[in-house]
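**Student:** Each chain, letter by letter, is given below.
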Amino acid sequence: MYKKIVETPVKKVLFIGGGETDFGLQGESDAAIYQVLPILNGLGYTVTVLDDNPYSLALESPAATGFLRTLTVQNVKKIIKSQKVDGVMPLFGGVRALRLWDQVISEWREADGVLPQTLGLSASELHEVNDGTLLFDRIEEIGLSVTASAVVHNQEEANEMLRDLELPLVIRAHNPVQGTTRQIVDRLDDFDHVVNRVMGQSLTNEVLIAKAINGLKEVSVLVVRDRDGNCLQVGASEDMDPIGIHTADSLSVAPVLTVSDQILQQMRIQAFAIADLIGLRGVLHVQFAFDEKTGEIYVIKVSPYLDHLANRMAVMTGYPVMLVAAQLAMGKKITEVYLPNAFHEKTAIMEPVMDHIVVKLPVFSFGDLEAMGIKVNRQLNSVQKSVGSALGFGRTFVEAMEKAIRSAHFNNRSFSPKYMADVSDDELIQQLIHPQDNRVLLLIEALRRGYEVDELAELTNIDEFYFYQLNRLIEIEQSVDRDNIDADALRQAKKFGLSDGLIARFWQTNFQAIRTLARQNNIQPTYKALEPSAGEFPEHARQFFATFEEENESEPICAQSVLIIGPGAFRMGDGASAGYMTSVTLSELHRLDYQTIIMNNNAADPTLLPHLSDKQYLEPLEVSDVMSVVDKEQPHAILVPGNRKKLIEALQEMGQHVIVFPKEKHHPSGPEKHQSEFSLNFFYDGEEKHPLVVTQHRPGEVRILDQAIDPALLDDLTLASPGLYQIIWRVDLDAWVSKIPLPDLRVDTWLRPMPYGHIAYLTKVLDIPLGRMIVRAWVGQLNEADRQYLAAIKGQHETAKLAMVAKNTDFDLHLQPDKAIDLTRFEMGAKVVPYESENSDGQE
Amino acid sequence: MERHLILEDGTVFSGQGFGAPATTFGEIIFDTATSGYQETITNPIYDGQMIVFAMPVVGADGIHAEAYESTTPKIRGVVVHDLAEVSTNRQRRMNLDRFLQHHNIPGLYEVDTRKLIRHLRETGPQKATIVDVVDDHAVDQLVATVLTNKQVQNTATPKAYANPGHGFHIIVIDFGLKHGILRVLGDYDANVTVLPYTTTVDEVLTLDPDGIILSTGPGNPEDLPDSVLTLIRVLQTKMPLLGLGLGHELLALANGAEIQALPAEYHGMNHPIQEIISQQLFYARQGRGYVIDEDSLDGKKLFVTHRDLVDGSIQGIRLRDNPAFSVQFFPDGAPGPLEANGIFADFFETVADYVQKNS
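Chains as they are written, first to last, in my numbering: chain A, 1 to 844; chain B, 1 to 359.
Simulated from the structure, these hints should not be mistaken for lab results.
Among the hints, erroneous ones may be present.
[Said to hold, decoys possible] Derived lysine to aspartate or glutamate pairs resembling DMTMM-like cross-links, with alpha carbons at most 25 angstroms apart:
1) A:K375 x A:E345
2) A:K495 x B:E265
3) B:K115 x A:E539
4) B:K115 x A:E107
5) A:K346 x B:E265
6) B:K115 x A:E550
7) A:K12 x A:D102
8) A:K495 x B:D97
9) A:K739 x A:E784
10) A:K332 x A:E345
11) A:K332 x B:E85
12) A:K332 x B:D311
13) B:K150 x B:E203
Owing to the predicted nature of the structure, the values given are computational and were not obtained by experimental measurement.
Kindly produce the complete structure, drawing on both the sequences and the hints.
**Tutor:** Printed below as a string of structure tokens:
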């Protein structure tokens, strides 16, 4: 390693992106980077972003120069040189960026010039954080408890360890190829197999073995620290499920409800101590395990970088975590942090407090997979199985949970009271001990069948509080069930967060009838502002959530507003790109001076970023939730994802002006192994059709062909609304081509809206703002530059040869499917790779 | 059962009654902390007051033996949005509801507490009552009620008692002591004697202490007899002295400063406090209705050591000529952050110096 480091104040910053979405990586990094770029730009920094995620929004930010390149040491070095970068920000790209930058530092040679400063964390601390074991040794040295662990290099050493430690054990890869995955072994028979498997996931063939602490309570604490050691706690969240179930797969709640102040203060001080220990300038997420019997607190994971909790806390508390963290990393003191005018002047230095409850529920894809005939292991354990998450906001736990449930599921079929009635008692007990994705429903069913709270608490290691709360929910459901179409029962049910749809199901009517009853009896939601002072100060809050109380704080923003219905939680398929498309739409409408309102409940994607819209409703997206916001705001137009057929119908019946985001509910499955799927991609501006390029799609990979397209070919097509479309045909062809004869478009092809992922990819590779142009076409504001782009392209282009490849997800590790999962249908994410590169792991 | 909170300005909030079914009167204030409801409810500084919690769910952690800040809560009422019924007590099924019943304190839940807090933030603390029925009688009663200004007398110990240890001999003068202070002194193994605030210089000096703590307590410091200020004026010249909360306000008064009532009280733990000498920020539990008047501070005698960076208020002072200092906030936490614990370390360092010099 060559160590001459930049000593002058940093002026040119490189953000290393987080790469493609995956289990546990829902694009938080990109949202975080995208949010801070304008602020850093405004403070006088020149900013560059490197990422290989085609869905990245940050790469398209006007506040930075974006490079869509594979995340490699070589590319980082190249950009540092070409952009004269003197400071690198790895903490916003999560663990991948951290690891990559650590590698760049270790491979930096004299010929590479002066090494840029590492922002947020010193290079040596960064290395320790990356290593993990070194860091935990030091954490132990300052007197904090960690679970005893050891590194082993082969099966023999592992067997020796087995003699010293009792089962269950946690086994994970040291220097893992991907993010850390912990596996718990509680049967001797599994030990060899798991050690072997985990060794394969380690870059250094090293395995960490530690005593498992299953059953303890898990609490996450998020803090920030500045260069002078000033620390502030942003918030804390507790998991309902005990340790042993991955935190991402657990129901989580904030603020912490069932842990005493004394313990929370201990955790706070420990988190501060760890931030101090590593000299952090930025944000730190510490995961603790708490043993209620002994009072012992264990540090189980330390993440001194932007991760899912940082984004979630920002949405849950209203505290601008990212804006603060970025400026602290640049070396500002917390008292010097600049925030946009929308915030109270003291927001950065005041610890946010919540006067609302937020429940996070994981979103699983098991149902979608099973519908395709793929069986997976549904049992929850220490390896993450959820692909996304949704938030529910309320003023009681039950209200927040009910809203989270319908945010995570869209429909209420799977949580009606009769759903679990078929489960046998034996099965019930089995599932209580070995929980699955339907965990909450099962707990409710157990209570319904008369199991005692302390019995269940003992069996599941879930705090009694939650059972008391679920009991309240059962009471509410029973009282709704007893009274048929009754205003008082409705009032009570609404207060506990039940949706019109669910109540209608109880009363065997439709949601319109419920709406009418509610209106007749003045049962209307009151929208509460979400702001970080819990009412202490007047804030210009723009975030709201519905509840049923006395005071409403949300007033319609203006007569000409546009309401955008968000895509909700990230799911397999094009979930990540839906967030991209929604965000681009928000950004463009804002640029065109529309007042925008977003409704969404996913904290991982950028759609809820405060600067992207004028007002945010943190709400479920069921028909009745949307209707209530429409009643309140009376928007000029409503943008709805095309797969929300019922919602579109209902809004149109109300006489609303609905614009449909063209989207098919499910992609038809992609080409077979021996096939190529070709698309003639074109843009329809409402009057004319403009061909763009032809793309070739082979399983898991898309490339752009270079061939002229005659616009006259498209003359016969009639289309309902402006947008981007694809004419699709398939050919038995298992090789890449640069030209393909066009078939007879009238007979041999079919038409579909361009998938969001392709919009994102083509936008970047062709360097044409396609997403924004759709929005401009919707509102009749295409400009001259757009027309020039469209006139010029017609299939001819000069681009970097970058293919979009499906993320090579380790489904085997996470889901153990019984057959291969079709990546064209169940995509987790995508990245770009150069053609003819050795690094094209997306190919078969 | 539906019950009601009536404010002096005529505003009425309705909710469900819990705790004691009694009618109650008190001054209503709001608290924005999200943890430590039991410590807050049992803190004697809330004698004569009612609290509305911003934290929407209260009671989820039950009632714990180690979370009492006094054995008998003096608070007049508790207003929350959602009440959780959880018991962690091994002997009895004691939860927040039963706890308040036991101590004859009324509570109100299912209240739009955010609306109430936004209202109180504009009006400041108000006289209030919790009743079964809203009628003229209830309103008249509220208007006619004169809230006591004898909170310290009501709360503080009338008799001396000891909390023995093996370390320094610390006398705590009790104005409505919270247990957190004794807990921290216990951590230092201090040999503690708690004296009533009516004690005399002679009684204190006879016990030959190594240091004095003026405790936290409820109400307006100006309602206390002048003898207290005289006592402080003498003791501060004799040995190290630390004032906390009400004790801080008394130290200021004893040294010629004036105290003002705050337009809106602050009860919470999220304001940054800056230690002026080091410029370091930290957070601590605060519960204050009064503040030292900046202009009245005699710079020759006292200087400011800590400030709240949100409202700029004085949070700590120190005497120039004597080893006496005080803070407005609660460095013992309970509930609240532990970062300010260093105040006690400073105090014990001062005590150690004093003992060394005088032995």
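**Student:** Take the hints in turn and mark each one as holding or not.
**Tutor:** Each hint, compared with the structure:
1. A:K375 x A:E345: Not satisfied, since the Cα-Cα distance of roughly 53 angstroms exceeds 25 angstroms.
2. A:K495 x B:E265: violated (31 angstroms)
3. B:K115 x A:E539: holds (14 angstroms)
4. B:K115 x A:E107: violated (59 angstroms)
5. A:K346 x B:E265: holds (18 angstroms)
6. B:K115 x A:E550: holds (8 angstroms)
7. A:K12 x A:D102: holds (19 angstroms)
8. A:K495 x B:D97: The given pair, whose Cα atoms are some 21 angstroms apart, holds under the 25 angstroms limit.
9. A:K739 x A:E784: violated (30 angstroms)
10. A:K332 x A:E345: Given pair A:K332, A:E345 holds - Cα atoms ~16 angstroms apart, limit 25 angstroms.
11. A:K332 x B:E85: violated (45 angstroms)
12. A:K332 x B:D311: Measuring from Cα to Cα gives roughly 22 angstroms; hence the hint holds.
13. B:K150 x B:E203: holds (24 angstroms)
Violated hints, in rising order: 1, 2, 4, 9 and 11; the structure is consistent with all others.
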